[in-house]
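Protein chains: 2
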Amino acid sequence: MRSRQSVAELGFLRLDGRKKQPLVKQLYESIRRAILQGTLKPSCRLPSSRDLVEQLSVSRTTVVAALDRLVAEGYLQSAQGRGTFVSRDLPEEGPFAETTSGSERPRTADLTIDAAELSPFGQQLELEERMVADRGTPKPFCPGEPALDAFPTDVWSRIVRKVWKTVSPADLSYGEAGGQLGLRRAVADYLRTHRGVECDTRQVMIVNGTQQALDVVTRVVLKPGDQVLFENPGYTSARQTFAKQGAQIVPMTIDAGGAKLDTSVRQACKARLVYVTPSHQYPLGVTMPIERRLEILNWAARSSGWILEDDYDSEYRYGQAPVPCLQGLDRAHRTFYVGSFSKVIFPALGLGYLIVPPGLTAAFEQALRIVSRPASQIDQLVLMEFIRDGHFGRHLRRMRKTHGLRRRVFVEELSERLGKRLQIIGSQAGLHCTALLKSKKTDIRAEQELAAAGILVRSLSAYYCSSTPRAKRQKGLVFGFACATPAQIRRGLAKVAEVL
Amino acid sequence: MRSRQSVAELGFLRLDGRKKQPLVKQLYESIRRAILQGTLKPSCRLPSSRDLVEQLSVSRTTVVAALDRLVAEGYLQSAQGRGTFVSRDLPEEGPFAETTSGSERPRTADLTIDAAELSPFGQQLELEERMVADRGTPKPFCPGEPALDAFPTDVWSRIVRKVWKTVSPADLSYGEAGGQLGLRRAVADYLRTHRGVECDTRQVMIVNGTQQALDVVTRVVLKPGDQVLFENPGYTSARQTFAKQGAQIVPMTIDAGGAKLDTSVRQACKARLVYVTPSHQYPLGVTMPIERRLEILNWAARSSGWILEDDYDSEYRYGQAPVPCLQGLDRAHRTFYVGSFSKVIFPALGLGYLIVPPGLTAAFEQALRIVSRPASQIDQLVLMEFIRDGHFGRHLRRMRKTHGLRRRVFVEELSERLGKRLQIIGSQAGLHCTALLKSKKTDIRAEQELAAAGILVRSLSAYYCSSTPRAKRQKGLVFGFACATPAQIRRGLAKVAEVL
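Heads up: the sequence lines are chains X and A, in that order. Quick note, the first sequence lines up with residues 63 to 562 if you use my numbering. Quick note, the second sequence lines up with residues 63 to 562 if you use my numbering.
Note that these hints are calculated values from the structure, not bench results. The structure displayed is predicted, hence computed values, not measured ones. No residue lacks a Cβ here, since even glycine has one placed at the ideal position from N, Cα and C. A couple of the hints might just be wrong.
Stretch by stretch, here's where chain X covers chain A in the computed footprint (C-beta under 8 Å, at least three residues) [claimed, not checked]:
| no. | segment |
| --- | --- |
| 1 | 107-120 |
| 2 | 180-189 |
| 3 | 208-217 |
| 4 | 227-241 |
| 5 | 302-316 |
| 6 | 448-455 |
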């Protein structure tokens with residue numbers, strides 16, 4: 063090691079015994095900063111530790127500890143008998159010589175990211191920062207929110223307590239991708255009995271919600287440029303998932319029978335996947351009859367296409383039995399079936415399921431291992447117990463009543479107050495109600511005016527593919543009636559009447 | 063509607079009042095099955111409901127309810143005064159006419175998926191199903207597992223109870239992508255103080271573990287074919303994440319200073335991203351000195367490349383202070399910083415964090431909204447409180463002691479019993495210890511023999527890129543010492559000594 067004449071002037075070092083930070087750390091930080099800023103140049107010799115002890119009035123232990131740490135991290139080098147030097151392996155000018163303070167950084171506003179630095183997926187994301195805030199209590203009439211005020215937190219938290227009382231190190235450890243077998247079995251049993259799903263345990267993948275299920279399916283089966291048949295109007299988040307990954311969206315018209323996969327559509331495209339909500343079309347609310355379902359199944363079987371059945375709120379049908387799902391009719395094993403506990407337990411739980419065709423169980427377990435870690439194991443245990451002990455069944459029955467009542471109040475009140483302006487469509491199911499808007503006002507305008515009055519609704523025309531001309535879009539409002547109490551529904555609709 | 067002469071023979075209908083299933087459902091199911099199997103053909107007229115009541119000895123209510131449901135779902139059509147028919151919109155031959163029973167499906171083993179039906183990502187996944195089982199208690203010496211037996215479940219579950227006592231409908235609802243602002247703030251504070259990370263609240267993305275962070279970064283910044291500089295040997299799961307998405311892995315040699323990003327490597331490739339574990343290289347355990355860190359930062363700043371700093375177990379350093387992270391030195395904002403609560407809280411929690419450059423916060427919030435739903439809100443609240451009330455700091459200090467003791471016992475015992483066969487390398491840090499194997503046996507063979515004896519270790523040579531010739535790989539074993547008690551460590555190493 064070359065020795066240099068220069069001995070560093072360490073007058074800039076200011077240690078303060080009254081500070082909370084230990085002196086060792088203060089000394090370490092100041093020398094480190096001086097090196098990074100170029101105040102102390104490479105190969106520069108430091109005063110001896112004895113000199114430092116004197117200059118700084120600290121103990122030898124403090125000096126030695128700080129220097130040792132700086133040596134260990136490569137800032138300093140020490141040579142037996144020749145003292146301690148700033149590492150000569152560092153760049154001559156000091157890495158941050160150009161600025162005056164080590165903590166100065168370019169301002170965020172000045173940072174522009176060049177699109178070429180991102181992937182095709184990344185290039186489609188917004189770069190502009192907006193305000194965010196933690197969400198508050200769901201406002202009327204936010205679609206998709208269940209009656210969380212009616213959730214039996216006492217029962218749930220009792221199970222949580224019980225699980226924590228008997229928790230083992232194994233329960234705290236890493237879980238298997240795809241979810242705990244016990245929960246997968248419970249979900250398979252439930253879906254077979256109540257939804258007509260045909261599956262065994264391994265076909266059930268526990269995911270952290272519908273969105274993850276949609277995303278993983280997209281990644282495993284769709285190539286960029288592949289066509290996806292999509293309901294128009296349809297569930298915007300799902301459309302985004304496909305589109306942002308490079309899929310080409312082919313819109314399917316929705317009529318009283320749901321998505322129309324007719325000959326013209328089939329011939330016009332070579333779609334790889336069809337996305338449908340047959341139990342309760344989102345947002346129009348219609349239920350797909352059997353002949354349409356068979357049409358879709360035949361298309362998939364003949365063209366080796368895939369079906370993605372999003373059964374997001376099928377548990378809630380009022381006055382009729384739930385319609386068995388499409389997946390259970392699929393003898394060619396082309397269907398991915400997606401559901402979530404967000405609407406039947408609570409959204410914050412972040413648990414859902416994806417049923418994959420039998421030949422793809424290993425592939426999806428592996429895919430899930432790559433894209434994320436399984437959802438909280440403890441939550442999986444709690445949910446498993448909630449299902450197994452019959453609480454889930456009871457809760458569902460109660461929620462059907464609660465939601466059914468809220469729907470009735472909503473429909474009655476709306477017909478009475480707004481019957482001339484809004485016409486409810488769709489079946490008696492789910493957590494939302496779509497009403498066509500009969501006025502000169504656009505629904506987007508209505509949404510904005512209502513938002514200004516503190517009422518949250520979604521305009522129907524916003525659910526259409528961007529390629530659909532304005533004139534071809536139905537005008538309407540999508541109301542979530544489930545998260546509002548009857549009193550809130552009445553007050554809310556009174557306001558809607560005022561605004562419209 | 064055309065009427066047909068034929069009236070269906072419904073002799074095949076068998077209703078059983080002793081079954082648990084309600085008679086309405088039994089009747090609905092049998093007619094539905096008969097239609098799907100082609101026993102009842104399209105346009106075929108059903109007996110009148112009066113006849114059905116007589117034939118089946120059930121109430122008129124039962125018959126009407128079942129038929130109504132079948133009409134609603136599109137299986138039957140009814141015409142005023144002319145009776146009820148099987149829908150003529152169904153395919154003539156019956157959708158499932160080819161088989162004898164509606165519940166018969168092709169056997170899973172017969173299902174082969176054609177690679178062309180999957181995406182490039184999907185084509186790289188295994189299709190062969192293997193046994194899975196829920197994991198048991200972590201075995202010695204499973205790498206990466208903390209001392210879960212020492213986790214303060216009492217403190218944690220007390221907070222869980224408290225959170226559940228005061229839970230509001232807002233807490234049960236959907237959360238914001240990127241995580242709760244309170245938790246993001248707490249994580250930012252912790253990382254600034256303890257890890258030298260430079261970030262504000264919005265740069266913190268709460269993810270469900272390191273794996274999701276790696277995956278999202280890959281998707282947002284890497285195009286298929288992009289080169290990634292990767293530590294060799296290195297963390298296999300991270301390599302998979304890049305490789306399976308089409309990135310080309312460029313190996314970097316690891317020496318005593320960690321990854322070498324030297325001129326030859328830099329010139330040989332146009333890498334877009336470098337993946338490093340500077341605090342504690344995985345699996346070799348070395349710590350990267352400052353000049354190497356600056357080299358990497360300079361490379362990223364000059365070439366507009368990205369750095370992914372995986373700081374997976376940096377909190378655990380025994381006898382030395384933790385080394386500040388690389389991200390805090392990055393004045394060009396090219397670093398993604400990834401960490402996880404798996405090793406400092408517990409893995410089953412499924413929470414981690416990703417610190418993104420300031421210009422990309424909105425893009426990552428949106429990306430996370432697309433790829434998944436936020437981790438359990440309740441768990442986020444519990445963790446936030448655990449950090450805020452000082453439990454996290456206390457827990458970390460205790461765990462440093464516990465893990466430090468286990469490491470000491472492990473090192474002493476190994477040196478004594480196996481000093482001639484195994485030579486420990488790397489710094490005194492983390493949850494694993496890598497030892498070079500001095501024997502004729504390959505490390506893969508040693509791993510297998512140990513597994514047969516109930517001891518879990520990983521062979522070092524398995525961490526290399528597949529392009530690395532066998533002869534160029536170091537032979538060794540990677541031991542996780544943290545999940546075993548001192549007694550288990552002694553017993554375990556006695557067995558290792560026997561086997562080797």
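Check your understanding: Which of the listed hints are not met by the structure?
Key -> 1, 6
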